[in-house]
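**Q** First to last, the sequence lines map onto chains C and U.
Residue numbers for the first sequence follow our numbering, so the first one is 4 and each next one is one higher.
Residue numbers for the second sequence follow our numbering, so the first one is 4 and each next one is one higher.
FYI, nobody ran anything at the bench for these hints, they're computed from the structure.
Certain hints may be false.
Okay, derived cross-link-like pairs now, DSSO-like style, lysine-lysine, Cα gap no bigger than 27 Å in a straight line [claimed, not checked]:
1. C:K466 - C:K477
2. U:K477 - C:K466
3. C:K466 - U:K314
4. U:K477 - C:K314
5. U:K25 - U:K314
6. C:K25 - U:K314
7. U:K477 - C:K477
Estimated spans, in silico, between C-beta atoms of each pair [stated by the list, open to error]:
8. C:G464 - U:D173: 54 to 60 Å
9. C:I137 - U:P298: 44 to 50 Å
10. C:A497 - U:K477: 38 to 44 Å
11. C:G464 - U:D44: 45 to 51 Å
12. U:A47 - C:G340: 48 to 54 Å
13. U:P22 - C:D482: 47 to 53 Å
14. U:K314 - C:A112: 53 to 59 Å
15. U:P34 - C:G340: 24 to 30 Å
16. C:L480 - U:K314: 21 to 27 Å
17. U:H338 - C:E189: 52 to 58 Å
18. U:A427 - C:G68: 40 to 46 Å
19. U:R455 - C:G84: 19 to 25 Å
20. U:T493 - C:A424: 52 to 58 Å
21. U:E443 - C:A112: 41 to 47 Å
Backbone N, C-alpha and C define an ideal beta-carbon position, used for all residues, glycine too.
Number of protein chains: 2
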Amino acid sequence: MTERATARRARRGADTGVPSGKPAYRNLTNPLAPQRAFSDDRIAHIHDTALRVLETLGIRVLHDGARRIFGAGGARVDAAGQMVFLDRGLVAQALASAPGIVTLAGMAAGRDVALGGRHVAFIGVGGPPHVTDIDRGRRPGTTADMRDFLKLSQHFDVLHITCANVEPQDVALNLRHYVTTQSQIELTDKPPFVYARGTDQVRDCFELIRLGQGLSETEFRARSRCYAVINTNSPRQLDATMCQGLIDFAQAGQMTVVTPFTLAGAMAPVNIPAALALQHAEALAGIVLTQSVRPGAPVIYGSFTSNVDMKSGAPAFGTPEFVRAAFGAGQLARHIGLPWRGSAATASNAPDAQAAYEYLNSLWAALLGGVNMVIHGAGWLEGGLSASLEKFILDIEMLQVMAEVMITTDDDPGDLFDAIAEVAPGGHFFGASQTMARYENAFYAPLVSDWRNFGQWSDAGAKTATERANGIWKHVLNDHVPLVRDPARTEAVADFIARRTRDGGAVPT
Amino acid sequence: MTERATARRARRGADTGVPSGKPAYRNLTNPLAPQRAFSDDRIAHIHDTALRVLETLGIRVLHDGARRIFGAGGARVDAAGQMVFLDRGLVAQALASAPGIVTLAGMAAGRDVALGGRHVAFIGVGGPPHVTDIDRGRRPGTTADMRDFLKLSQHFDVLHITCANVEPQDVALNLRHYVTTQSQIELTDKPPFVYARGTDQVRDCFELIRLGQGLSETEFRARSRCYAVINTNSPRQLDATMCQGLIDFAQAGQMTVVTPFTLAGAMAPVNIPAALALQHAEALAGIVLTQSVRPGAPVIYGSFTSNVDMKSGAPAFGTPEFVRAAFGAGQLARHIGLPWRGSAATASNAPDAQAAYEYLNSLWAALLGGVNMVIHGAGWLEGGLSASLEKFILDIEMLQVMAEVMITTDDDPGDLFDAIAEVAPGGHFFGASQTMARYENAFYAPLVSDWRNFGQWSDAGAKTATERANGIWKHVLNDHVPLVRDPARTEAVADFIARRTRDGGAVPT
């Protein structure tokens with residue numbers, strides 16, 4: 004290699020580690036035309052059906068305080084049956100106060116993330132109990148595994164928000180929230196995730212996030228600085244922990260993502276429009292609770308509707324039904340004017356072609372549905388039971404391709420005619436002036452894809468994409484450079500955890 | 004298993020071979036909203052640039068007869084330089100006479116295929132020199148390989164048109180067109196493909212297709228009964244064989260697909276709008292030739308614009324640039340009112356995750372661009388150098404998912420409210436009346452995807468999707484049942500080939 008070529012490669016980062024992406028990946032807006040699965044009339048009918056369900060069938064609320072809040076807001080409550088009935092006026096009032104765009108504050112400058120409108124944010128895998136890679140196989144997740152995923156999540160610009168990527172099962176439940184939160188504070192500067200596992204834990208996590216950024220109580224509460232995902236117990240049930248989470252987060256001005264787990268044929272009716280109506284009713288109930296606690300509390304309309312395999316009951320993702328449900332969920336979110344959270348999911352047990360096509364069908368469906376927040380966007384495997392290191396890297400490649408599709412505007416490509424005129428018939432453009440001027444950055448440079456010919460690829464070991472992904476995550480972790488942190492804040496976090504640990508931590512409820 | 008369950012499984016085909024798909028897959032129309040990569044003004048500018056290129060730079064035409072036809076139609080011809088200059092009036096006239104919808108006649112009832120408007124047709128891999136599978140590896144294609152792919156192509160309803168899937172390199176070039184055409188006639192009833200490799204070969208193939216269906220000369224010519232793909236020698240060049248193909252097919256009323264091979268950065272300018280302008284100019288030149296030969300001749304606007312890896316010059320597919328080029332090509336096709344041919348392509352060397360995501364990005368891009376004809380829709384690998392049996396099956400799964408997205412209309416899902424009301428809070432829908440009534444056909448049943456849990460999947464051998472696809476193509480080939488053919492026609496085909504073979508066949512030109 005010539006000196007000049009060496010210098011060029013170094014400049015381009017080819018030998019200096021795994022590229023993080025591009026600054027433009029950090030703030031994405033979606034230019035794709037939204038797709039519709041249903042006519043506007045049908046969407047209005049699904050919305051109306053959800054209102055009828057809430058009014059006449061009601062929702063079971065397994066939390067006394069939440070029922071009281073619903074009641075105080077004007078809902079009819081059947082305390083004996085733990086049922087709450089919401090009239091459509093109450094729903095309309097909540098939808099009027101819930102913000103259409105939510106901005107989640109990052110832990111550093113430039114890391115705020117807007118959700119809503121045409122804004123899109125990607126988030127890595129959330130919370131599987133297991134972790135897997137092709138060297139070590141599938142095993143229970145540990146703190147070390149979670150930290151590896153957090154380093155990977157921080158590394159890539161195309162991921163915007165942090166998540167507790169793996170459940171660290173080596174830490175007791177009363178102390179686990181300390182390690183998940185402390186690790187996020189240490190290893191990432193993107194907006195962090197908090198599990199809503201009871202008021203004591205949530206309060207601890209809020210405090211850690213506050214201390215980690217050196218904020219006053221008032222400063223912390225002035226913005227959404229973290230978020231929780233609240234799953235309903237479909238059909239038509241909100242359990243005590245989830246209700247408490249909605250209350251705790253809304254009171255503190257922190258963001259919740261209300262996501263019914265409405266798998267058509269299992270926890271929801273066997274057809275997609277009815278499953279969406281149930282999803283919609285449950286999400287609206289959660290949204291009403293947040294707005295009853297604190298009007299204007301940031302809340303995201305979550306959807307996870309897919310179908311199950313009717314032979315086995317196993318959940319399926321990236322299916323035609325998933326695509327249709329995603330288009331419909333996006334329509335419903337626009338109908339009520341709230342930001343929409345979707346997923347990029349797969350039921351595959353291996354980071355293989357099935358994992359890729361189910362994931363990518365889910366991702367296209369979400370983006371075409373107009374999604375604002377894609378959870379499980381990198382590394383989710385086995386319907387959420389495992390976090391895969393190789394799949395994380397494969398997914399980053401697909402997210403980066405989508406980001407490129409989104410950021411590429413019709414900027415000045417030079418004069419089209421002159422570009423063509425420069426080369427004679429039957430010639431080639433390798434040496435054309437536009438090529439020479441632009442070749443370094445003209446096209447997306449892939450992370451995983453190998454475009455060499457068969458001979459070169461074979462000589463290099465004939466590695467599959469999954470095997471190449473294995474090398475990439477190791478490279479990122481080996482090259483990891485810690486973020487610079489204020490030692491006083493780091494110490495404040497550690498001291499808080501030490502004190503709370505001595506006190507016994509906080510048991511999840 | 005109970006008798007009833009056995010009967011039910013048999014009815015569903017679970018034990019009776021690999022499902023072919025659904026009758027509804029045979030005629031697809033695309034409900035997706037077309038995506039735009041460029042504003043209407045920019046599209047008009049790209050079109051105008053192509054017209055300027057044809058008017059002032061011209062195109063090199065390496066065929067005396069074609070130059071004469073262009074000249075007779077009103078083009079300015081520089082015979083010494085072999086250059087042809089087309090003014091915009093000539094282009095407009097050709098676009099006015101070229102049909103907006105082309106129907107390709109199948110070789111049996113119910114097999115006609117409409118191209119144009121919202122109609123979509125899928126075609127398998129076209130013509131790689133090599134064939135590969137995970138048992139035998141990569142090797143030169145043979146007649147036996149081609150016949151295997153033809154059986155697979157015939158089997159699946161989601162493929163609409165036939166292709167010479169693999170180059171049968173065990174047959175001499177002067178006889179190869181006999182085996183490709185005879186095999187298509189014997190093994191499929193979908194519209195067949197003919198290589199445009201000189202008038203003698205083309206005439207032979209037309210005759211075989213005519214004899215295979217017992218048609219008169221007049222009947223054969225009354226409809227488009229086969230098609231050829233005509234690649235330009237980008238930039239700005241039509242070679243003699245391709246010109247001859249356009250002339251021979253147009254004269255016989257048979258369909259051509261004019262597809263410039265405009266890889267940005269290599270045979271086309273380094274940026275996508277300029278590459279599209281070149282693609283457009285070259286396609287228009289081919290279209291003008293067909294309409295000059297015979298106004299109304301069926302011709303498809305083909306596009307294959309993608310980018311190359313600027314480090315190596317290797318072609319790349321399923322990239323952000325490919326997506327953008329597909330959206331733009333669809334816009335240009337609509338701008339001129341012609342059916343549009345796209346591709347579902349990958350540069351991967353293995354039927355792995357890269358093959359899946361590059362293919363699926365290409366497929367989504369084509370469908371979102373409003374494509375009418377997707378060539379290389381199943382089995383294309385290595386940028387077209389290999390046909391992969393496992394990838395063929397993986398791609399069929401992805402095509403079937405797309406077909407389901409397209410055919411699922413908002414048909415009667417029952418009463419949404421009643422469906423939800425039937426199940427109590429916290430219950431499940433497995434036994435609900437709608438579930439019981441619909442579970443057999445409620446959802447798409449996958450071909451390759453395995454949705455079992457990790458334990459069951461591991462116990463069954465932990466096979467990847469690619470390994471499962473291997474079992475599926477073998478199953479289809481093992482269960483192959485020959486089509487019923489009129490012995491007199493079969494004999495007429497064989498006699499013709501025997502006679503022509505005795506005469507020395509036809510050398511490609």
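**Q** Give a verdict on every hint.
**A** Hint check results:
no. : hint                        : result
1   : C:K466 - C:K477             : holds, 16 Å
2   : U:K477 - C:K466             : holds, 25 Å
3   : C:K466 - U:K314             : holds, 20 Å
4   : U:K477 - C:K314             : holds, 24 Å
5   : U:K25 - U:K314              : violated, 45 Å
6   : C:K25 - U:K314              : holds, 19 Å
7   : U:K477 - C:K477             : violated, 37 Å
8   : C:G464 - U:D173: 54 to 60 Å : violated, 31 Å
9   : C:I137 - U:P298: 44 to 50 Å : violated, 60 Å
10  : C:A497 - U:K477: 38 to 44 Å : violated, 60 Å
11  : C:G464 - U:D44: 45 to 51 Å  : holds, 49 Å
12  : U:A47 - C:G340: 48 to 54 Å  : violated, 36 Å
13  : U:P22 - C:D482: 47 to 53 Å  : holds, 48 Å
14  : U:K314 - C:A112: 53 to 59 Å : violated, 34 Å
15  : U:P34 - C:G340: 24 to 30 Å  : holds, 25 Å
16  : C:L480 - U:K314: 21 to 27 Å : holds, 26 Å
17  : U:H338 - C:E189: 52 to 58 Å : holds, 54 Å
18  : U:A427 - C:G68: 40 to 46 Å  : violated, 23 Å
19  : U:R455 - C:G84: 19 to 25 Å  : violated, 38 Å
20  : U:T493 - C:A424: 52 to 58 Å : holds, 54 Å
21  : U:E443 - C:A112: 41 to 47 Å : violated, 57 Å
Hint violations for this structure: numbers 5, 7, 8, 9, 10, 12, 14, 18, 19, 21, all remaining hints satisfied.
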